[in-house]
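Asker: Residue numbers (my numbering), protein chains in the order written: chain A, 1 to 114; chain B, 1 to 113.
Mixed in with the good hints there might be a few duds.
[Said to hold, decoys possible] List time: in silico EDC-like cross-link candidates among lysine to aspartate or glutamate, alpha-carbon distance up to 16 Å: (1) K59(B) - D82(B); (2) K59(B) - E1(B); (3) K44(A) - D82(B); (4) K38(A) - E1(B); (5) K79(B) - E56(B); (6) K59(B) - E70(B); (7) K44(A) - E1(B); (8) K69(B) - E58(B); (9) K38(A) - D51(A).
None of these hints come from the bench; they were simulated from the model.
This structure is a prediction, so every number in the text was calculated from the model and none was measured.
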Amino acid sequence: DAMVIQNPRYQVTQFGKPVTLSCSQTLNHNVMYWYQQKSSQAPKLLFHYYDKDFNNEADTPDNFQSRRPNTSFCFLDIRSPGLGDAAMYLCATSASGTSTDTQYFGPGTRLTVL
Amino acid sequence: EDQVTQSPEALRLQEGESSSLNCSYTVSGLRGLFWYRQDPGKGPEFLFTLYSAGEEKEKERLKATLTKKESFLHITAPKPEDSATYLCAVQARASGGSYIPTFGRGTSLIVHP
């Protein structure tokens, strides 16, 4: 089945220790998104790639970076995690240019910062 | 600025007790409205896309409707396995060649047996 895969599902890191979360997709979608979701809150868009073009949200902290080496993979780098960065990180994809732009989500990575 | 408000924040139902969840929105130029189901500790699962006022879509016990200002997710004769958070998102804002959805905070539904 075509899908969005995130690894790891659970990540524990120490305050200030860099961490990388990964996302891969078999849907061949050209757009990939990273969201941050805290408990009982709406998913908050951090940035997205339209093909190779990176689009940062205005309020995304500089502490968050992303890479997309090819169509299938996308990475979220948190350079110096703080306690406030503990959250669920969701990767999503969509086939922009179609009539729907429906987003399909991965299972998420739960990040704990000690 | 696009705004999406979902109500109620939480809803408890008895099995078989039908009800509706509301998603009201304020956007400029709606391209689509999405409903997702999110189970605890998991990513959102796509349910429906609605494009224009008057449109309706159904899937098992769920039926989504759309007006010019709001959408309803009707749950008929719910079962305990319908317990989840239901997220609404509206798609209007263009950014970098794509249209970015704005999400509501969701309605947490618990169905008791």
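Asker: Determine for every hint whether it applies to the structure shown.
Answerer: Now the hints, each set against the structure:
1. K59(B) - D82(B): 12 Å, holds
2. K59(B) - E1(B): Judged against 16 Å, a Cα distance of about 31 Å means the pair is violated.
3. K44(A) - D82(B): 25 Å, violated
4. K38(A) - E1(B): Not OK: K38(A) and E1(B) at ~22 Å, beyond 16 Å, violated.
5. K79(B) - E56(B): 22 Å, violated
6. K59(B) - E70(B): Since the Cα atoms of K59(B) and E70(B) sit roughly 19 Å apart, the hinted pair is violated (cutoff 16 Å).
7. K44(A) - E1(B): 15 Å, holds
8. K69(B) - E58(B): 20 Å, violated
9. K38(A) - D51(A): The given pair, whose Cα atoms are some 27 Å apart, is violated under the 16 Å limit.
Hint violations for this structure: numbers 2, 3, 4, 5, 6, 8 and 9, all remaining hints satisfied.
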